[in-house]
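Enquirer: Here are the chains, one letter per residue:
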Amino acid sequence: MLTVPRVEDFSDRLRGPAVTARVGTALGICFGICFLTGVWSHFQQTTPGWLAIPPSPYWLYRVTQGIHVITGTVAVPLLLVKLWSVYPQFFKRFPLRPSRTMLVNGLDRFYLLVLVTAAIFQLVTGLLNVVHWYPWSFSFRSTHYAVAWIAIGALVLHIAVKLPLIRSALTGPLDDDEPPANADADPEASGISRRTLLRTTWVAAALAFVATAGQTVPWLRSVSVFAVRSGDGPLGVPINRTAAEAGVPPDAGGDAWQLEIGYNGRTKRMSRADLEAMDQVDEELPIACVEGRSASGVWTGVPVAAITAAAGAPPGARVFVTSMQTRGAFATSELPPQFVDDRRTLLALRLNGADLTLDHGYPCRIIAPNRPGVLQTKWVTKLEVSA
Amino acid sequence: MRVTRVALGVVGVLAGLYGLWLARDVLAAQVRGRRASRQPLSDTGIRREAVATPQPPPVADLVPQAVPHAQPPQPVAARDATAPGMRTVRVALGAVGVLAGLYGLWLVRDFDLTQLRSAVVWLVGGAVIHDGLLAPATVGLGLLATRWLPVAARRPAVVGFVLWGTLTVAAASVLSGMNDTPDNETLVDRSYWLSWSIGTVLVLAAVVAATLVARRRGVSRASNTRSD
Numbered sequence: 059m060l061t062v063p064r065v066e067d068f069s070d071r072l073r074g075p076a077v078t079a080r081v082g083t084a085l086g087i088c089f090g091i092c093f094l095t096g097v098w099s100h101f102q103q104t105t106p107g108w109l110a111i112p113p114s115p116y117w118l119y120r121v122t123q124g125i126h127v128i129t130g131t132v133a134v135p136l137l138l139v140k141l142w143s144v145y146p147q148f149f150k151r152f153p154l155r156p157s158r159t160m161l162v163n164g165l166d167r168f169y170l171l172v173l174v175t176a177a178i179f180q181l182v183t184g185l186l187n188v189v190h191w192y193p194w195s196f197s198f199r200s201t202h203y204a205v206a207w208i209a210i211g212a213l214v215l216h217i218a219v220k221l222p223l224i225r226s227a228l229t230g231p232l233d234d235d236e237p238p239a240n241a242d243a244d245p246e247a248s249g250i251s252r253r254t255l256l257r258t259t260w261v262a263a264a265l266a267f268v269a270t271a272g273q274t275v276p277w278l279r280s281v282s283v284f285a286v287r288s289g290d291g292p293l294g295v296p297i298n299r300t301a302a303e304a305g306v307p308p309d310a311g312g313d314a315w316q317l318e319i320g321y322n323g324r325t326k327r328m329s330r331a332d333l334e335a336m337d338q339v340d341e342e343l344p345i346a347c348v349e350g351r352s353a354s355g356v357w358t359g360v361p362v363a364a365i366t367a368a369a370g371a372p373p374g375a376r377v378f379v380t381s382m383q384t385r386g387a388f389a390t391s392e393l394p395p396q397f398v399d400d401r402r403t404l405l406a407l408r409l410n411g412a413d414l415t416l417d418h419g420y421p422c423r424i425i426a427p428n429r430p431g432v433l434q435t436k437w438v439t440k441l442e443v444s445a
Numbered sequence: 003m004r005v006t007r008v009a010l011g012v013v014g015v016l017a018g019l020y021g022l023w024l025a026r027d028v029l030a031a032q033v034r035g036r037r038a039s040r041q042p043l044s045d046t047g048i049r050r051e052a053v054a055t056p057q058p059p060p061v062a063d064l065v066p067q068a069v070p071h072a073q074p075p076q077p078v079a080a081r082d083a084t085a086p087g088m089r090t091v092r093v094a095l096g097a098v099g100v101l102a103g104l105y106g107l108w109l110v111r112d113f114d115l116t117q118l119r120s121a122v123v124w125l126v127g128g129a130v131i132h133d134g135l136l137a138p139a140t141v142g143l144g145l146l147a148t149r150w151l152p153v154a155a156r157r158p159a160v161v162g163f164v165l166w167g168t169l170t171v172a173a174a175s176v177l178s179g180m181n182d183t184p185d186n187e188t189l190v191d192r193s194y195w196l197s198w199s200i201g202t203v204l205v206l207a208a209v210v211a212a213t214l215v216a217r218r219r220g221v222s223r224a225s226n227t228r229s230d
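Just so you know, the protein sequences line up as chains U and H, in that order.
Reading the first sequence from the start, the letters are residues 59 to 445 in the working numbering.
Reading the second sequence from the start, the letters are residues 3 to 230 in the working numbering.
I should point out that these hints are in silico values taken from the structure, not numbers from a laboratory.
Worth double-checking, as some hints may not be accurate.
Claimed, not checked - Just so you have them, the derived chain H footprint on chain U, three or more residues with Cβ under 8 Å: (1) 133-142; (2) 164-178; (3) 186-198; (4) 211-222; (5) 251-260; (6) 275-287; (7) 290-296.
Said to hold, decoys possible - Here are the computed distance ranges between Cβ atoms for each label pair: (8) H/A208 / U/P156: 52 to 62 Å; (9) U/T229 / H/L196: 44 to 54 Å; (10) H/L196 / U/R385: 31 to 41 Å; (11) H/D185 / U/T159: 53 to 63 Å; (12) H/P86 / U/P156: 30 to 40 Å; (13) H/R119 / U/P156: 22 to 32 Å; (14) U/K440 / H/D112: 23 to 33 Å; (15) H/L115 / U/V121: 37 to 47 Å; (16) U/E342 / H/W150: 52 to 62 Å; (17) U/P156 / H/L136: 32 to 42 Å; (18) H/L115 / U/T229: 46 to 56 Å; (19) H/D185 / U/A314: 22 to 32 Å; (20) U/G107 / H/Y105: 11 to 21 Å; (21) U/F149 / H/D185: 42 to 52 Å.
As the list claims (entries may be wrong) - Just a few of them, taken from the derived set where beta-carbon distance is under 10 Å, the chain U residues facing chain H: (22) L72; (23) T183; (24) T201; (25) I208; (26) R225; (27) T300.
On a predicted model such as this, the values are computed, not experimentally measured, just so you know.
Cβ atoms here follow ideal geometry from the backbone N, Cα and C, with glycine treated the same way.
Please build the complete structure, drawing on both the sequences and the hints.
Expert: As structure tokens, this is what we get:
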């Protein structure tokens, strides 16, 4: 006969505040960093008017977004151990007849439910986004962002509620004086101390890091057997969105292609040969995606500032970039003045010494320092300059 | 539409008022507690009892526990909870948390019904799969382990299980082989199942090796002696 267990049915030798508070602290730090880097990424993609994101340091987005995905992945084992350590509380009974106890317990249960569902949701959707799998009908970006606020809010509330307990657990001893008294009668797999459990958890977190971080940290590439990307790709750089996915036809960059540059009511047209005839600049810049992966390449092309100058625009102009892509949310992007004026911002024609492939954005693409990959518009067809 | 919204609003306000009414004593106790916290900790039942009933004269041989404590030691957590500085920090943190959560809710205001429904399914689904499937399975495995595994194998088995579980869950997305862009050959481009199989074998081998070492060192005997 299967019965619903009660809190008392669980062994509480390993479980308890001593373990929960320690794992919870590590998990809270991971979630905190993940939240901050996530908000930063959101600002990078949908920059609010009051914020002018600088093009320097060029590696900033690569680092923040790499950390975002790494902390999220490392949080997986931490969250599992944390939830395991409090699982018996799930079966805590409280009176269901209207009373203060019911209200207080009900509110307590409610915010914990919000916290647990939001935390799991964030990790699951984040990990699936990394492999580009979207088996749902909500928008990933806006939902992941909204639930991030709910998760972090519930987490901060949780810390407020548990603060005295956390403090006493962290300042108290980890293991009780008694060694595991009765290993055979212990209802859970036993024979291990809290210290061993904690160390195992830290090793598990490190394992999650090493096994996946190679997509961000180049020297981990060979050991990151579960990294979403090996780091290989045409011209030495992986592709995030192929031409076929973006709805760009194979002959998009054919002889008929011309770049339109609009400024002050006039439209100037340039062929790829015209662009190649301009002074070429080499820049080593990373392409850094929201999925956390990044790869450096040497890009060759014309500084956007040189093109706007050729169109007659003064420095401090803003450029609105349009792609030939017909599918996906990022067919256009905007280069604010500080990016246009930066000579490292290129309309790139070549990558690592060879012409761009179609999947890399042939005939030309934007590459700028410290920008999320989705704003490094490929298959550029039009630049609209406004001073 | 308008009627529904007004009705919902009224119900919400009434529910909130009812909640406040239910919590009236708790709130009053909070207010009293703030004043009381500056004074010495209030008497406990034990002390009152000790004063009321005459005690037998202390006997030198009596174990110390037999003498009623003048003041039972207050747990650190309870002491901290009433400290004025701690209370301010907690209230401030709580308010920030609630505001952040509400901001998150406000962000979904533009979602259409399909999006909302899907988001709710995924929100609830994750928790249901964890609490209803993964967690009970772990508890069940623990029970099986205590029944079937030799004592010397338990510690290696727990460590191995945590590491193997981490590998499996953290790699679940790439192991699934699913993604919406199958024509992109630079994505999900490693032999993940091979790596996972090798990892699983390595963990198993390590558990067996650690068990043999532990058995040789006599962990099994020591534990059995203790449990007698």
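Enquirer: Does each hint hold? Answer for all of them.
Expert: Here's how the hints hold up against the structure:
1. 133-142: Result for this restraint: holds, n = 6.
2. 164-178: holds (count 6)
3. 186-198: The restraint on the segment 186-198 of chain U holds, since 11 of its residues have a Cβ under 8 Å from chain H and three suffice.
4. 211-222: holds (count 11)
5. 251-260: Contact hint for the segment 251-260 of chain U vs chain H: holds, 4 residues under 8 Å.
6. 275-287: holds (count 5)
7. 290-296: holds (count 4)
8. H/A208 / U/P156: 52 to 62 Å: holds (54 Å)
9. U/T229 / H/L196: 44 to 54 Å: holds (46 Å)
10. H/L196 / U/R385: 31 to 41 Å: Given a distance of about 33 Å, which is inside 31 to 41 Å, the answer is holds.
11. H/D185 / U/T159: 53 to 63 Å: holds (58 Å)
12. H/P86 / U/P156: 30 to 40 Å: holds (33 Å)
13. H/R119 / U/P156: 22 to 32 Å: With a Cβ separation near 31 Å, H/R119 and U/P156 satisfy 22 to 32 Å, so the hint holds.
14. U/K440 / H/D112: 23 to 33 Å: At 29 Å between Cβs, range holds.
15. H/L115 / U/V121: 37 to 47 Å: With Cβ atoms ~39 Å apart, the hint holds.
16. U/E342 / H/W150: 52 to 62 Å: For U/E342 and H/W150 the Cβ distance comes to about 58 Å; the hint holds.
17. U/P156 / H/L136: 32 to 42 Å: 34 Å Cβ-Cβ, so the 32 to 42 Å window holds.
18. H/L115 / U/T229: 46 to 56 Å: With Cβ atoms ~49 Å apart, the hint holds.
19. H/D185 / U/A314: 22 to 32 Å: holds (25 Å)
20. U/G107 / H/Y105: 11 to 21 Å: holds (19 Å)
21. U/F149 / H/D185: 42 to 52 Å: Cβ of U/F149 to Cβ of H/D185: about 48 Å, so the range 42 to 52 Å holds.
22. L72: This interface hint holds because 9 Å falls under the 10 Å limit.
23. T183: With Cβ-Cβ at 7 Å, under 10 Å, it holds.
24. T201: holds (5 Å)
25. I208: holds (4 Å)
26. R225: holds (6 Å)
27. T300: Result: holds, 5 Å to nearest chain H Cβ.
Violation of the numbered hints given earlier is absent; every hint is satisfied by the structure.
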